[in-house]
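Asks: Can you make the complete structure from the sequences, with help from the hints?
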Amino acid sequence: MQWTCLAVRQLLYMLASFTALMKGMEPPIRADMLKFTNEPNATVYYIQNNNSSFLVPCEAAGNNGPLKTFWRNETVLNSRVVIKTTAKGLWFIHGVQRSGSPAVHRVGIFRCMARNTAGVVMSKKFELNFIRLQNISVNLSSPALFNNVVRLKCNVETNQPVTYTWFKDNIPLNAFRGGRLDVLSSGVLRIRDYKISDNGNYSCRAENAYKAVTSRGVKVDGQSASKTSIHIYPGRIIKTVVGRPLVIECIQNSPLKSSVTWSKVTAQSTRTLVNGSGFANLIFDSVQKSDAAKYRCLATNGEEETVLVSVGAPPSFTSRLPATAKQKEGGKLVLTCNVNGTPTPLVTWYKDGRALAKNSRIHFYGNGLEHKLVVKNVLAYDKGVYQCEIENEYGSSIDHTVVNIIDKMDPPHEVQGHALSPTMVNITWKIPPGYRTVYFVVHVLDYVMRSDFQRVTDDNATHLIVKHLRPYADYLISVQLYADQRSRGVSNTSRVRTLGTKPSGPPNEMKLTSYSTGTLDVTWLPPFIERRRGKIISYEIEYFTASESKRNNLTVTKKFYSTTLRNLVEGAKYTVKVAARTKEGLGPFSEKVSCVISRTSAGPVIPAPSINIRSVNTSILFSVTSPPNVDVKEYKLTYRFLKDYLGGKKEEIIKGRAFDYELKIGLNLEYVITVVVFGFGVRNARPAIKVVATKNVPENVNPAMFNKSNGTPGMNISCEPILNSTAIALRWEQTPTRYVPEFEVKYYVYGVEARQVKTISTNYFNVTLYGVLPGNTYGVEIKTIFRNHPVSGLLDSKYCTVPEKKPETPPSRISCNVIGSKVVVSWREPTKPNGRIRQYHVVWLGAKNEALKIEFKREEPATIFTEIKPLSCEMSNVKRDSKFVVNISAENSAGQSPWGRCIVDTTKIPTVPTKKKEPNGATTGDIKKGIIIGCIISVLLLFILITFVCWSGRRRHKKRSQLRENGIPYRSHYPDTVSTEASELSTKQHHQIVKKYIDEETSKESDRGVGMTPKSSRLYLDSDKMPFLPRAANQDGSVDTSCDSQDSGVQGLGSKFSPAQVTLKDPDKTPLRSEEDCDAETIF
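Counted the way mature numbering (1 follows the signal peptide of the UniProt record, and there is no 0) counts, the sequence shown spans residues -24 to -1, 1 to 1060.
No lab work stands behind these hints: they were computed from the structure. Glycine included, C-beta positions come from ideal geometry on N, C-alpha and C. Take the hints with a grain of salt, since some may be wrong.
With a straight-line cut-off of 30 angstroms between C-alpha atoms, the simulated DSBU-like cross-links for lysine-lysine are [stated by the list, open to error]: (1) K612 with K568; (2) K487 with K625; (3) K44 with K129; (4) K334 with K304; (5) K511 with K625; (6) K478 with K308; (7) K100 with K215; (8) K722 with K666; (9) K406 with K304; (10) K406 with K348; (11) K215 with K308; (12) K808 with K829; (13) K904 with K798; (14) K487 with K612; (15) K308 with K203; (16) K443 with K487; (17) K759 with K384.
DEER-style ranges, computed between Cβ atoms [to be verified]: (18) I441 with N660: 53 to 59 angstroms; (19) E720 with P33: 35 to 41 angstroms; (20) I629 with Q392: 49 to 55 angstroms; (21) K304 with N49: 34 to 40 angstroms; (22) P33 with G278: 56 to 62 angstroms; (23) D375 with A188: 37 to 43 angstroms; (24) Q392 with E720: 29 to 35 angstroms; (25) N436 with E784: 47 to 53 angstroms; (26) L355 with D375: 21 to 27 angstroms; (27) G211 with F30: 35 to 41 angstroms; (28) S117 with A188: 32 to 38 angstroms; (29) Q264 with R296: 21 to 27 angstroms.
Replies: What follows is the structure, encoded as C-alpha cells:
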C-alpha cells in the first residue's frame, strides 16, 4: 500500500511538471511545510523541591515525511534535568533536581526543535525557573506625618504576581482602591490624612497559588509636619514596557494642604493632566510608546519635581517571511525580515537550527528595522528551513520559511545511436553549456526482452560504445546528466537497432500430416525471438527418403508457416527438416521429423480459413472467414505467446460460420494464433497459422518504461565470497566514481522459514555483506531508487552461495555415560559448523588396546538454522577396568573440526554374561519384560471380571428381596414358565404390582419411547423392575424382543404377546387396565 501511494504521488507530480513546462512556466515544487503549532511561554515556572514530572507543551506539524521532535539547551544548566521528547512537548522526568546554590532560581533556557524532510525548525526560547517567594519585609517609604499621605512598602523576593494583605496590630485592614486606605499592585499601603489613630504595628502577607509568607511588624508613630517638601514615587527615572499599567505618585508633605498638578512637558508645550489636594496620581492603565516623555509635578507654593518615563517594546515583526520560498539553482536567494521594538532588536539568521555566518556566498544587510539575508550562487544543499530571530531586553520572537531549491535541469542534447556490429552500438550526445565537470549515466533498454542496464561514463564524455547486445534488436536509449553529484535531467529517448546476422536457432514445432496420396502437409513456427538475429525473409524445407541420394529443397516466403509437398511416393517414409533464412545467411535446420505418405485418401480436408489481422495499441483484432462451400460447425482458436519460449496456451471453441475476436496482448510479445475449422461429417482440416505482435516500436518512450511493471530489468549482479567466506562482495554492472542513484540491498538466508531480512543502503554499484555464514545460500534483492528522476523502483535479485569452511569448534556438549556393559556417547552440533555437517568421527580405545573408529553419517544434513538435536552412538567393544578418552570430530565438505573428547571410566562395569539372542532378534531380557507386562494385564482383567460378577449377584439378590416383601414368590422369568407364573397372580395383585412399579414421572411427553403412542406413553413399565411380566415366546422357544408396527412402543414386550396367551386362575378378574385410558392390549 505504501509503494502504491508513493507511485500515485510521483505520477501526479510528473503530470503537474509537464503541464507547467507546456505553459512556459517553471515546474512546480512540493511545498514542504514545517512549523510549531504550540509553543511554550517565554517563562516556565517549577515548584521548588517537587520531584514530580511535568510537561512543557511544544507541538510541531509538517506535511512531508516523518516528524521528529527534540530539544536544545541554550545556556549552562544550573540544575540536573532529564528530558524526554514526545509529540505533545517536553517531559521533564522526575522534576528538576537543584544542583546549584539555593539562591539560584533560574534553571536554564531551552528550545524545542523539530525535523522532517523540509529541514529543522526551532521554537522560541523559553526560560525555566523555580517559583520564588521569600524574604518578605516592611519599611516606611515616606515620612509618617499627620494630615499627610503615608506610604508603607511590602518588600518580597518573587518572580510571579502575588496578592498582598496588610495588618495593623495583627488585624487585617479594610483597604480598597480609592479609599483612605489603599493597597497598590506594587504592594504599597497608602494611608491618606494620616491620624493619630493610625499609629501601630504594621505587617503584610504575600501569597500566590503555591505559597504564602508573612513579614514581621513595623511600628509606625506619626509626627507633625514642620516643613514643605514634594516626593515622587516610584522614582524620578522610570522604565516600563508597552501594555503594562503604571502609577506615578506625587505627594506634598506640608503643615497646610495645597494643590498639586501633573503636566506633560514637550518641546512645543506643557499640558496639564491631573491635579489634587496634597497629592496627585498619574495613572496609565496601559502604557503606550507615545507615553514616553517628561512629566512635572508642581505645587502651589512653587515647588516642583520632574519624572522621565521611557517606554520599551518587545521585538515584533512588521512583515512576516513567506511560508515557503523557492529559488533556482545558481540564482540568488534574498530573505527580508522587517522588525520593530525598543530598543532596536538584535537579528540572528538560522538555517536548520544552526546560526549562519558570513562568507563569500552568504551576506547580511540591515539598517535597524529592515534586515536581509542574501545567498549568492544558490546550491542544492541550500534547501532547508531559514529562521529570523529578533531579541532585546524585553523579549524575543522568531519567524521562519521553508526554502526549496529548483534543480537546474538541462539534459544532454542530440542523443543518437549508431549500430557498429550485430552486438555493438555507439551512442553520442552533446554537453549543454554552463557546466564545468559532468558525467553521464546511459540507460539502455531492450525493447522486446524488457531488460535494461546502465553504463556510467567518464567526466565530460560525449560518446559511449555499448557491447554485448542482441543482434537485430531494438534498444531504447536515454542519457542522464549528473553535475555536482545531482541529476540535471534525462534526455529524450531514442531508438537504435543492431545489425543482423544469420539465425542461431531453428524453427519450432514442425509437424507433418499426410491427408491424401502423394502429399505431405508441413507446419512450423518461427524461431524464438532471441535466436532470429535478423529479419527472416524465407524458410528452407529439405525433404528426402532413405532410398534417395538427392535431397529435395523448397523455399517458402516468410509470411507463411505451412506448405504442402506434392508428387511424393505413396507408402514411402519421408524425412523433413526446416531452417530460417535472413539476408545474412541460413540458420540451422530443425530436428528431423519423419512421416509415411498415405496410400489412400483420408477423405475430404477442410482448407484453412481466411484470417484478416490488424493491431491497435496493445490489442490484436482479427476476423475469421470460413472457406467456401464448407458447412462450418465450429472453430477451434488457439493462441500462445512466443518470446524465448512458448507459453500461455489458451483454447476457445467458437460457434458460427465467421467471427471477430479481440486479443489483448502484452507489449512486445509475439502471439502464435492457430484457427482450425470443424465441419459436419468432415474429420480433417488444415490450420491457419499467424504470428502477430505490435507493429511499430515508438521512437520516443516515456522513461517510466524502466519500471518493473513493464518487465524485470537485468542488473547483472555478481557475488564473490571474500574474507575467508565471512563476507560477500556484491557488484552490479559498473562501479562508478561518483554518486548516481541510490540502491537498497536486502539479503536473507535462503530456505529458512523464519526469514530475517537485513537492509543496506548505498550510493555505489557495489556493497560488501559482512557477517555471512559459510555453507549457506543468501537471497539478494537490489532496488534502484532515483531521487531526482521519475524512474524509481527497479528490482533485480540473485542467489549467492558462501563456500563451506572447516568447522571451527568441536562437537558441543559431549558426554560419555556407562550404562550396564555399554558406553553411550552423546553430543550436539558444533557451535560454529561453517556449513552442513556430513558425518562425525568417533575414536576410542578397544579391549585389546587397539584404536577403534566409527564414522557416524547424518542422513539429513543440518544447517546452523535448523533445530539442533542431540546425537549419540553406543560402543560395546571397550576396554574394561580402565579409564580412556573418547574423541569426536565433525566433518563437512571443507574438512574436519578440532577433536572434542570425554573420559570413560570402565572400572565399575559389572561382569554380565552375554544375553542370548532369540531367533527373531529379541534378547532374553526383552522376553522377560514381555512376560511381566502380560501377567499384569491378566491380573487386571481378572479383577474386572470378579467385580462384574459380584455386582450382578448383588443386583439379583436385591430384586428377590423386593419380590418377597410384596408377597410374590420368586420364579424364573424364562419363556417356559411365563404362562404358569402369570396365571398364579390374581387381578388384584396385578393392579397392586403395576401401580407400585409404574413411574408416573415418565408420563411426560419428553420421556416417550421410540414409537410410543400418546396413550401408551403415559405409563412406562420397567421390565427390569417387573420380572414377572411375560415375554412372548416363539415356536422354537426363543424370546422375541423385536418391535414392529403392532408394538406399543415399550421395549422388552413381545409383539406376539396378547391377553389370550395368559391363563388367569381367577376367572372373576378382568385383564389389567390403566387408569389413564391405556389399553390392556398395549401393555400386555
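Asks: If a hint holds in the structure, say so; if it does not, say that too.
Replies: Against the structure, the hints come out as follows:
Using a Cα cut-off of 30 angstroms, the hinted pair K612 and K568 holds, with the two alpha carbons roughly 28 angstroms apart. In summary, the hint linking K487 to K625 is supported, as the alpha carbons are separated by about 18 angstroms, within the 30 angstroms threshold. Of the pairs offered as hints, the one joining K44 and K129 is violated, with about 51 angstroms between alpha carbons and a cut-off of 30 angstroms exceeded. With a C-alpha separation of about 21 angstroms, the suggested pairing of K334 with K304 holds against the 30 angstroms cut-off.
Straight-line distance between C-alpha atoms of K511 and K625 comes to about 26 angstroms, which keeps the hinted pair within the 30 angstroms bound. Proposed proximity of K478 and K308 is contradicted: the alpha carbons are some 60 angstroms apart, above 30 angstroms. Between K100 and K215, the direct Cα distance comes to roughly 25 angstroms. Compliance with the 30 angstroms bound is thereby established for this hinted pair. For the hint pairing K722 with K666, the CA-to-CA distance comes to about 44 angstroms; that exceeds 30 angstroms, so the pair is violated.
Under the criterion of a C-alpha separation no larger than 30 angstroms, the hint pairing K406 with K304 is consistent with the structure, at around 23 angstroms. For the suggested pair K406 and K348, the alpha carbons sit about 40 angstroms apart, so the restraint of at most 30 angstroms is broken. For the suggested pair K215 and K308, the alpha carbons sit about 43 angstroms apart, so the restraint of at most 30 angstroms is broken. Taking the CA atoms of K808 and K829, the gap is near 24 angstroms; set against the 30 angstroms cutoff, the hint holds.
A distance of roughly 20 angstroms separates the Cα atoms of K904 and K798; the hinted pair therefore holds under the 30 angstroms criterion. For the given pair, K487 sits about 18 angstroms from K612 by alpha-carbon distance, which is consistent with the 30 angstroms threshold. Distance check on the hinted pair: K308 and K203 sit about 74 angstroms apart at the alpha-carbon level, beyond 30 angstroms; violated. A hinted pair counts as satisfied when its Cα atoms are at most 30 angstroms apart, and K443 with K487 does not qualify at roughly 38 angstroms.
As the CA atoms of K759 and K384 are separated by approximately 26 angstroms, the hinted pair is consistent with the 30 angstroms bound. Range check, I441 to N660: about 56 angstroms between beta-carbon atoms, so the 53 to 59 angstroms window is met. In this structure the hint that E720 and P33 lie 35 to 41 angstroms apart at CB holds, the actual value being about 38 angstroms. Between I629 and Q392 the CB atoms are about 51 angstroms apart, so this pair conforms to the stated range of 49 to 55 angstroms.
Separated by about 38 angstroms at the C-beta atoms, K304 and N49 satisfy the suggested range of 34 to 40 angstroms. For P33 and G278, the Cβ-Cβ distance of about 58 angstroms falls inside the hinted range of 56 to 62 angstroms, so the restraint holds. The hinted range of 37 to 43 angstroms is satisfied by D375 and A188, whose Cβ atoms lie roughly 42 angstroms apart. The hinted window of 29 to 35 angstroms between Q392 and E720 holds, with their beta carbons roughly 34 angstroms apart.
A hinted range of 47 to 53 angstroms holds for the C-beta pair N436 and E784, which are about 52 angstroms apart. Checking the proposed 21 to 27 angstroms range against L355 and D375 shows it holds: the Cβ atoms sit about 24 angstroms from each other. The hinted range of 35 to 41 angstroms is satisfied by G211 and F30, whose Cβ atoms lie roughly 38 angstroms apart. For the hinted restraint 32 to 38 angstroms between S117 and A188, the CB-CB distance of approximately 23 angstroms leaves it violated.
At about 23 angstroms, the beta-carbon gap between Q264 and R296 stays in the expected band of 21 to 27 angstroms.
In this structure, the hints that do not hold are numbers 3, 6, 8, 10, 11, 15, 16 and 28, in rising order.
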